[in-house]
Amino acid sequence: QVQFVESGGGLVQPGGSLNLSCAASGSIFSGRSMGWYRQTPGEQRTLVARIRSDGSTNYADSVKGRFTISRDNAKKLVYLQMSSLKPEDTAVYFCNTFPTYKTWGQGTQVAVSS
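Numbering (the working numbering), first residue to last: -2 to 111.
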């Protein structure tokens, strides 16, 4: 059974940092690109960062230079290091494959506010 479990969110002041983690289970991780997505109320989920199985990465323009995605293939984990956080980064963050699999986790809430 495929599952994604995100963790690490919280409340942080502008300019602060957070590190998100995602544990993937099931036969979904190996050889696939993984992504971090975010969603705000009333909006669709958007791709924030993507990492291929070879470790190469892509980022949305809005987070380039501030976020870093990484993965541990042996442990089926995906990470998102976020720094220089801005209020507009406030969202629920999800991980999934890229392109996305039909199953989504609960996500982890990130709130950036003073």
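The hints are simulated quantities; they were obtained by calculation from the structure and are not laboratory data.
Keep in mind the model is a prediction, meaning the values are calculated, not measured.
Among the clues, some could well be false.
Unchecked claim - Lysine to any residue pairs mimicking SDA-like chemistry, simulated, CA-CA at most 20 Å apart:
#1 Lys73 with Glu40
#2 Lys83 with Thr43
#3 Lys99 with Gly13
#4 Lys72 with Thr54
#5 Lys61 with Gly13
#6 Lys72 with Gly13
#7 Lys73 with Val9
#8 Lys99 with Ala20
To be verified - Here are the in silico distance ranges between beta carbons for each label pair:
#9 Gly5 with Arg49: 32 to 38 Å
#10 Ser27 with Pro84: 36 to 42 Å
#11 Ser50 with Pro11: 20 to 26 Å
#12 Asn70 with Lys99: 19 to 25 Å
#13 Gln103 with Gly39: 17 to 23 Å
#14 Gly13 with Thr100: 19 to 25 Å
#15 Ser22 with Pro84: 17 to 23 Å
#16 Ser110 with Arg29: 23 to 29 Å
#17 Ser110 with Gln0: 26 to 32 Å
#18 Gln(-2) with Ser111: 19 to 25 Å
#19 Gln0 with Pro84: 28 to 34 Å
Note that CB positions come from ideal geometry on N, CA and C, so glycine has one too.
Going through the hints against the structure:
{"no.": "1", "hint": "Lys73 with Glu40", "verdict": "29 Å, violated"}
{"no.": "2", "hint": "Lys83 with Thr43", "verdict": "17 Å, holds"}
{"no.": "3", "hint": "Lys99 with Gly13", "verdict": "33 Å, violated"}
{"no.": "4", "hint": "Lys72 with Thr54", "verdict": "19 Å, holds"}
{"no.": "5", "hint": "Lys61 with Gly13", "verdict": "16 Å, holds"}
{"no.": "6", "hint": "Lys72 with Gly13", "verdict": "28 Å, violated"}
{"no.": "7", "hint": "Lys73 with Val9", "verdict": "27 Å, violated"}
{"no.": "8", "hint": "Lys99 with Ala20", "verdict": "16 Å, holds"}
{"no.": "9", "hint": "Gly5 with Arg49: 32 to 38 Å", "verdict": "22 Å, violated"}
{"no.": "10", "hint": "Ser27 with Pro84: 36 to 42 Å", "verdict": "37 Å, holds"}
{"no.": "11", "hint": "Ser50 with Pro11: 20 to 26 Å", "verdict": "34 Å, violated"}
{"no.": "12", "hint": "Asn70 with Lys99: 19 to 25 Å", "verdict": "22 Å, holds"}
{"no.": "13", "hint": "Gln103 with Gly39: 17 to 23 Å", "verdict": "19 Å, holds"}
{"no.": "14", "hint": "Gly13 with Thr100: 19 to 25 Å", "verdict": "31 Å, violated"}
{"no.": "15", "hint": "Ser22 with Pro84: 17 to 23 Å", "verdict": "33 Å, violated"}
{"no.": "16", "hint": "Ser110 with Arg29: 23 to 29 Å", "verdict": "34 Å, violated"}
{"no.": "17", "hint": "Ser110 with Gln0: 26 to 32 Å", "verdict": "30 Å, holds"}
{"no.": "18", "hint": "Gln(-2) with Ser111: 19 to 25 Å", "verdict": "41 Å, violated"}
{"no.": "19", "hint": "Gln0 with Pro84: 28 to 34 Å", "verdict": "31 Å, holds"}
Taken one by one, the earlier hints fail for this structure at numbers 1, 3, 6, 7, 9, 11, 14, 15, 16, 18, listed in ascending order.
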